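> Since the structure of chain H is already known, use the hints to place chains F and P on it.
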Amino acid sequence: MASIELRSVGKRFGSHEVVRRVDLLVEDREFVAFVGPSGSGKSTLLRMIAGLETVSEGEILIDGQSVARVPPAKRGLAMVFQSYAIYPHMTAAENMSFSLRLAGVPKAERDAKVREVARALEMEALLERKPRALSGGQLQRVALGRAMVRQPKAFLLDEPLSNLDAALQAQMRLELVRLHRELKTTMIYVTHDQTEAMTMADRIVVLNEGRVEQAGTPLELYNRPASLFVAGFIGAPKMNFLPAQGAEGRTLGVRPEHVRIGEGGELAGEIVALERLGARTYVHARLTDGTRLVAEAAGDTGVREGDRLAFRILPEGRHWFDGSGRRVT
Amino acid sequence: MTRQRHRVRTGPLMTPAVGMLLVWMIVPLLMTLWFSAQRYNLLDPGGTAFAGLENYRDLVTGRALWVAMGNTLLLVGAVLAITLAGGTLLAVLLDREFPGRNICRLLVIAPFFVMPTVSALVWKNMLMNPVFGLIAWITRSLGLGAPDFFATAPLAAIILIVAWEWTPFAVLILLPALQSLSKEQREAARMDGAGAAAMFLHVELPHLRRPMAVVAMIETIFFLSLFAEIYVTTAGGPGLASTNLAYLIFQDALFEWDVGLASAGGVVAIALANVVAIFLMRVVGRTLEAER
Amino acid sequence: MRTKWALAAAGWMAAGAMFFPLLWMFLTSFKTEITAVATPPALIFKPTLDNYAAVLERADYAQFAANSVVVALGSTLLALAVAIPAAYSMAFFPTRRTRGVLLWMLSTKMLPAVGVLVPIFLLWRRFGLLDTRIGLVLINSASVLPIVVWMLFSYFREVPREILEACRMDGATPREELFHVLLPLSKPGITATALLSIILCWNEAFWSLNLTTVRAATLTVFTASFSSPEGLFWAKLSAASTLATAPILIFGWISQRQFARGLSFGAVK
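Chains as they are written, first to last, in our numbering: chain H, 1 to 329; chain F, 1 to 292; chain P, 1 to 269.
It should be emphasised that the hints constitute simulated quantities derived from the structure, not laboratory data.
Predicted model only: the values in this text are computed from it and were never measured.
There could be a bad hint or two in this list.
[Said to hold, decoys possible] A partial selection of chain P residues facing chain F, derived with a Cβ cut-off under 8 Å:
#, residue
1, Ala8
2, Gly11
3, Leu80
4, Leu145
5, Phe179
6, Pro184
7, Trp202
8, Ala205
[To be verified] Coverage of chain F stretches by chain P, computed from C-beta distances (three or more under 8 Å per stretch; other residues unrestricted):
#, region
9, 57–66
10, 92–104
11, 109–118
12, 229–243
[As the list claims (entries may be wrong)] Counterexamples of contact, computed for chain P against chain F with all Cβ distances above 12 Å:
#, residue
13, Leu7
14, Gly16
15, Ile44
16, Lys46
17, Thr95
18, Ala244
19, Arg261
Virtual Cβ for every residue (Gly too), placed ideally from N, Cα, C.
Chain H extracted, bound-state conformation (with noise of 0.2 Å):
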């Protein structure tokens, strides 16, 4: 149970700023992701918070309380780490006790708690195994149960589900969607995948270059992204941008859900390229001006390459932005 608030943070490395003033205040309870392509700082980002990094510039409170000079274990944080970073010598019930042990725990005490965590993420069967006669998705769960078991203010998730194949992401995503209920504390979680961050997280944060883009709600990031960076980088297929008519510097922005082909549009293109995808169908077009404009159709859709339609955009779905990428409402 915790809050996490940072006032200003930036890290520098030598001479480069990797994360740049950062204001930010997670809110108990909150599940909060970290978006942004690779090297945007979200990951140094999370691991101030844990104190696995120092702080060049501002402060970071926990509970209100500056946690500076408090090293990462007292701090009531626990972390998953990408490569999830398993003690190989250890049993699965080992690992997830090493920091009860640490901490002078007595054992039964301790096996009680590993059981207990064991039971809510139904990986009882692999107490006993040894890191290397678990598979990832098991592995996975000997992290989030490691992490558990010290009843952590705040879990830290850095990148967890990289390393799982598709279907296995689908079923932890939602898995820990229901943890974060069931157990009722604070996550920040870390990724560069979109959708996981959309799916997921109660509240998104959009990091580009150390500095924070946007900050809210999936939908609000949706639909009302605050530069052309968010508007770009949430999203899939990604939004369209054309240059705007009339005005110049600016961009119209338009997502492919709110173009229309064929009802006498303002638009006039070639088809490119289709994506069936059964349900629909994104279809690819070159615009008289060179543009690229992709457009969402019925997944039994009628037009073919070469086909020479015209495009119309919906007003609703129409986004403004400046010269400098700024949304213009």
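Okay, now just chains F and P, sitting in the frame of chain H:
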């Protein structure tokens, strides 16, 4: 991303190792330099006196240093050539698939793990002895007479022994290096039409270049101080025929008890080794860089 | 198929040629002194264990062997004790000087032993270390130390950083991190390093020959004593040599890959 520095004091962790090596290196080094400028013989009760460059002059004007130096370089050069060529061939051979390959590998590297005094004695007595040795028996059976290796070609005999001991070392380093060559790179070369010879010349040999340099330099360091093999076979003889720098210094020091002269020889040996060391450090330093 | 058998023939011939002197030594150790020097060399003979009995009966053989064991193990333990903290520190808390220190350590290996023979001899004599096991242990551990540090350093560096971070999140002090996680994790690497160091110390000849005579003399010195012309005891020499070689050869075979890594200072993995 750089590794993070925590607040751990590295001093106490490093001190024992650094201290030990510092004492081990600096103190004797300085003493060697100091003694080399002294007139100091343990048999001479007159004690020590400053001699300036006298010891060096004695060394340089005498014949022994030059013969020993020549022998040292010949020994290093010849053994290097044999072990590198032989080691490369054996490594390439053992890198191929054939029945019993792993056993062959063990047999080939075995000589390296044998203590040098044993190796030298086995060769000196049981193989190269002019009367009872196996080689003498073979040559006699072929009507070639029995060569007395240690009398007629002592240096060559020592070169043979040392090459036998150290070819396995080359294999030990070069074989894993060869096996680290990616399978796909070989397959690509095969698709490009490379036969066995072309594969060796254009793919394997270039890949081995750096490990070979490392082998050459490490061997050089060891060969410059080669001692036990000479000690148990020829004792440097006949005359100076198989005396190298190491053995010369040993004789000056522990037979003649001439500390000054032996130390001057030591300084020469150190200088020689440093030339090699500079190259080796450069190669290793680059490896360290590449790893980062 | 044909090339495979040609390869096998070549491989076995090469292996046979390289191994032959050792095989010959092994065979000779089971001959009587008479058959050992027989011409033509005896390939078929009635094997005897007399030589081994004779060697083992010699009171001083046990002492040489004991010295070898004590010196090899002692030097290795001392080197490990000194090297582990240093390698740990350099692998996980590198400073600007780490690279320089590592290369400097390696450079001490470049110092030819003969270059410092005289001062070491005089110092050892001054401090009563001549012909003592402790004297030999000191010098051997110093001379294997750079190799031991390098090998441990390269093994430690392979431990994933996230594991150690997880350890810190779990609340381990650096000491607990070292003993509960790092050492158990690098046990194979430490074992290999120890084996390599034992082999090098066991076979070390220069310092044993020059700094010991009787009390602390090792098996290298013992076997060297057979070089004196008065004794043509080849069968006994062979038996003694086989005894001195066999254990270390087995260690060598076990740790051959690590040998490459340790002696090439990281150039070969």
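> Against each hint, give a clear statement of whether it holds in the structure.
Verification of the hints:
Interface hint at alanine 8 of chain P: satisfied, since its Cβ lies 4 Å from the closest Cβ of chain F, which is below the 8 Å cut-off. Among the interface hints, the one on glycine 11 of chain P holds; its C-beta lies about 5 Å from the nearest C-beta in chain F, closer than the 8 Å criterion. Restraint check, leucine 80 of chain P versus chain F: the minimum CB separation of about 11 Å is more than 8 Å; hint violated. The closest approach between the C-beta of leucine 145 of chain P and any C-beta of chain F is roughly 6 Å, which is under the 8 Å cut-off, so the hint is satisfied.
At a threshold of 8 Å, the smallest CB-CB gap from phenylalanine 179 of chain P to chain F is about 14 Å, leaving the interface hint violated. Because the closest C-beta pair between proline 184 of chain P and chain F is about 19 Å apart, greater than 8 Å, the hint is violated. For tryptophan 202 of chain P, the shortest C-beta to C-beta distance to chain F is roughly 7 Å, which falls under 8 Å, so the interface hint holds. Satisfaction of the interface hint for alanine 205 of chain P is found here, the shortest Cβ-Cβ separation to chain F being roughly 4 Å, below the 8 Å cut-off.
Here's how the region 57–66 of chain F fares: 0 of its residues keep a CB closer than 8 Å to some CB of chain P, so the rule of at least three is not met and the hint is violated. Taking a C-beta to C-beta cut-off of 8 Å, the region 92–104 of chain F contributes 10 residues in contact with chain P, enough for the three needed, and the coverage statement holds. Coverage of the region 109–118 of chain F by chain P holds [criterion: at least 3 residues with CB-CB distance below 8 Å; count 10]. Counting residues of the region 229–243 of chain F whose C-beta sits closer than 8 Å to any C-beta of chain P gives 3, which meets the bar of three, so the coverage hint holds.
Residue placement check: leucine 7 of chain P does not keep its beta carbon more than 12 Å from all beta carbons of chain F (closest about 4 Å). Consistency note on glycine 16 of chain P: stated as away from chain F, yet its beta-carbon is not over 12 Å from all of that chain's, at 7 Å minimum. With a cut of 12 Å on Cβ distances, isoleucine 44 of chain P stays outside the contact zone with chain F, its closest approach being about 15 Å. Lysine 46 of chain P, annotated as away from the interface, keeps every beta carbon of chain F farther than 12 Å; the closest lies near 19 Å.
Here threonine 95 of chain P does not stay apart from chain F, with its beta-carbon only about 6 Å from theirs, under the 12 Å limit. A beta-carbon of chain F comes within 12 Å of the beta-carbon of alanine 244 of chain P; the shortest separation is about 6 Å. The Cβ of arginine 261 of chain P does not lie farther than 12 Å from every Cβ of chain F; its closest approach is about 8 Å, which violates its non-interface assignment.
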